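Engineer: Protein chains in written order, with this note's numbering: chain Z, -17 to 247; chain U, -17 to 247; chain G, 13 to 259; chain E, 13 to 259.
Hint data in this document are derived by calculation from the structure and do not stem from the laboratory.
This one's a predicted model, so the numbers in the text were calculated from it and none came from an experiment.
Heads up, some of the hints might be wrong.
[Said to hold, decoys possible] Mimicking DSS-like on lysine-lysine, the simulated pairs with C-alpha atoms at most 30 Å apart in a straight line are:
no.	chain 1	residue 1	chain 2	residue 2
1	G	Lys69	G	Lys258
2	Z	Lys50	E	Lys134
3	U	Lys121	G	Lys134
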Amino acid sequence: MATITTLSEAVAAVVRDGDTVALEGFTHLIPVAAGQEIIRQRRRDLTLVRMTPDIVYDQMIGAGCARKLIFSWAGNPGVGSLHRFRDAVQHGWPVPLEIEEHSHAGMANRYVAGASGLPFAVLRGYAGTDLPEHTDTVKPITCPFTGEVLTAVPALNPDVGIVHAQQADRNGNVQFWGITGVHKEVVLASRRSLVTVEEVVDTLSVRPGATVLPGWTIDHVAEVPGGAHPSYAMGYSDRDNAYYRAWDGISRDRASFGEWLAGVR
Amino acid sequence: MATITTLSEAVAAVVRDGDTVALEGFTHLIPVAAGQEIIRQRRRDLTLVRMTPDIVYDQMIGAGCARKLIFSWAGNPGVGSLHRFRDAVQHGWPVPLEIEEHSHAGMANRYVAGASGLPFAVLRGYAGTDLPEHTDTVKPITCPFTGEVLTAVPALNPDVGIVHAQQADRNGNVQFWGITGVHKEVVLASRRSLVTVEEVVDTLSVRPGATVLPGWTIDHVAEVPGGAHPSYAMGYSDRDNAYYRAWDGISRDRASFGEWLAGVR
Amino acid sequence: MNWTADEMMTVAAARALHPGTRCFVGIGLPSTAANLARRTHAPDLVLVYESGTIGAKPDRLPLSIGDGVLAETADAVVGVPEMFNYWLQPGRIDIGFLGAAQIDRFGNINTTVIGDDYREPKVRLPGAGGAPEIAASCSEVIVIVRQNSRTFVDGVDFVTSLGHGHGASDRARHNLRGAGPVMVITDLGILTPDPETRELTQTHLHPGVSLDQAVDATGWNLRVADPPVVTDPPSGTELSALRSLKE
Amino acid sequence: MNWTADEMMTVAAARALHPGTRCFVGIGLPSTAANLARRTHAPDLVLVYESGTIGAKPDRLPLSIGDGVLAETADAVVGVPEMFNYWLQPGRIDIGFLGAAQIDRFGNINTTVIGDDYREPKVRLPGAGGAPEIAASCSEVIVIVRQNSRTFVDGVDFVTSLGHGHGASDRARHNLRGAGPVMVITDLGILTPDPETRELTQTHLHPGVSLDQAVDATGWNLRVADPPVVTDPPSGTELSALRSLKE
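Just chain Z, with the same shape it has in the complex (with noise of 0.2 Å):
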């Protein structure tokens, strides 16, 4: 049953140094304040996993939290570049980033085999690319009915999955709507998860397209309104588009950022 805590409560039981992380959120529902409470607890050397390492990845990645990145598309959507992000692959800083990389089609079935059980996922994908020349977790599987080749990639099993949802009820069942991305698979694909919800209420009244993750499948959740600033919570808040584009300024160079760091912690 999910322990109902603060953020800084929860985020120090769930996240130790060299963890594998995945915060997610396929453009809603970005679990932004968990982040920056990583930050903020300074933990070091995690492999970050994320399909869209977007704001809240360009934040942890210049705030010197991780090691390395497994992703699919890393930009600042509708603007353009991760200038933290670039500035860690091309140059180093603030520590080196290795980089694991794939597509979103591969990205979702590894996190669809690891909520599944099983070490591995099928799909048509990646064919004719260089992608798999340069990430060594796609391979090629051959049918054995029909002897056609495809390609397989690992389940990802994360240490800690974290997401952000609108609404848990007082037992810690969750649910959330609107686009809902990789949400329950990261959940159920990690080891250890932290949801962070708009609103803890007395009974979840189930909407439209909604999904309910109960309870037991939850490790810990935190009341944290606002949680995915600039992302949004359909049905709390919208999309705050100005700081996605005023973003680009802050991360552009390494003292308007410190000046942004400094702030959080």
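Following the hints, complete the assembly by docking chains U, G and E onto the known chain Z.
Structural biologist: Frame of chain Z; chains U, G and E shown alone:
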């Protein structure tokens, strides 16, 4: 875009002698009326696919529509045996019935592979059982990353997939809610599809827990109120448990089944 | 208060379910026992049905695993592929609750065919359903089945669901994560696998059942604990909860 | 009415989308073009975004592929694994609409790194996202990209998404089901693959664009149709729909 038509026209359009046909519905939303229309149109040599052949397949098998059954559990749920299925397997009456037998996990994953455009699916299944000895469509597969040996099953892509649902709108968009089984998978995996619905409405109002299938994924929609009887359509009808019990008597011998069949035709 | 052998069996099965346990429930005796446990000592039992309902809280006994009351009262309803892939397969479920048409001394279960020839069976049974993977992937398996020599056989005609195979190391050889059958609960008593050999041993007899009855009802040379424990009879609370459940 | 080269490009891309087409839309120029088509000649265009929204009908241009307006107006919203596995991979989508940082004469696309050394890139780009499988699995691919010699290169530094590989038989060799790029729409004109060799050929020039401009903007020895067709200029309706969309 789905054509909205009558049940008899829809069945005539999609089901041909010799086809592989899947009528699905896991206890709930079973397209029984469509099965009886197939009997009425005297289709023959069908390969019937269904996880849980129950009354509707007992009827179709007893009527001589099927030459083969691909399945994972053939019984009258909560009551006992399927007498027409047993008579066909044990005595070849009215025609011999070839069987291809799986587990639920295997069948569900075969539909998933079919819906995904993959030739096979991987699962932890069948290990240590006698099923692989008698079922060609179960093979070992080795994880290219860990070396672990798992089980592969081939995709199911029926010629025709038929399910019952609560509602369609006038564009053939369909919604179903409650226990949804493999409804989505069988529609997406099949070359041609038919959805019978309780009601055609002007606009779908999406319910909690509902799945919506866009009309362009479906070939035919037919309005058949009560078309799942004796199974049920949540929000429209209750399961007719008395009929399930009564079927045991109707189906127990060839004569009483024959009377029932004459009534359908 | 009097009770039937089936009532004793159901009560014994309900008692085996600890509070908070996540339980994969088949229809029939397992469902009755699980719902009884929820009405008595384990109100927070999590009932999982293969129809996709997680945390169902039915107020009456469902006739099928897909009754509407299961979906209406569940914490979550998922599709059948997700049920098997995300919930059962990774070992999230504590107890798998199974029945059997035949069971052997190692808890291997047959629900497929009676007779030597699979293609020409004496009796064609329903088949596997979810059972092979329930038996493989749940942390533990409990079997509920009436004990008689037609069912308790010296070698099943078909292994539908693996118990302990031919003995101690067989499940590991098949790379199965769950512990397999830890208890077989019958109308006569309870059998548990020997910790060394995994052979089922009659460790409990229900009140009024003799050892000879159990031996006669078993198609192999039954090992017996010395002495077998006598099960506590059903309490008034248990019996009235069970009977009201069946109304 | 005057128009910019970008407006001409977007209008040309919108025109390429036939009514009823199911279109997998990336953010930026593809999304603008697809939404323009929906506002003009193809109101029943089915917009599919990789965030899981199927049949989105946004009333304003989304800034990201996961804007709330997409989920609110969609016929169905599915998880990202389902989007890729059930919807993209089996070939259910007619048109994949992609951008590029680099593109070569066979329509191969790079969005990963600029520079020879993947581990020490000159410029690190965002990477693959959904593009490799969009390029593989959609029935056809349309690329929208500004034509200049930095982008139109004689050999991409990294193949993120396969176009026609090294020529006619390459997609078949990789067992890809979709036809690959059928059109590259730029601010100068339109390139289509030669039916025999699959090499991109400048078949259209936008009004006022000279052939020399196109040749100069291309980093390889550009093949040109003789003569190239001049694209119809944007109509007043198209331009006003486009401009109101961007307000």
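Engineer: For every hint, state whether the structure bears it out.
Structural biologist: Cross-check of the supplied hints:
Annotation: proposed proximity of lysine 69 (chain G) to lysine 258 (chain G) holds, straight-line Cα distance about 15 Å (limit 30 Å). For the proposed pair lysine 50 (chain Z) and lysine 134 (chain E), the alpha carbon gap of about 19 Å is at most 30 Å, so the pair holds. Restraint check for lysine 121 (chain U) and lysine 134 (chain G): satisfied, since their Cα atoms lie roughly 28 Å apart, inside the 30 Å limit.
Checked against the numbered hints given earlier, the structure satisfies every one of them.
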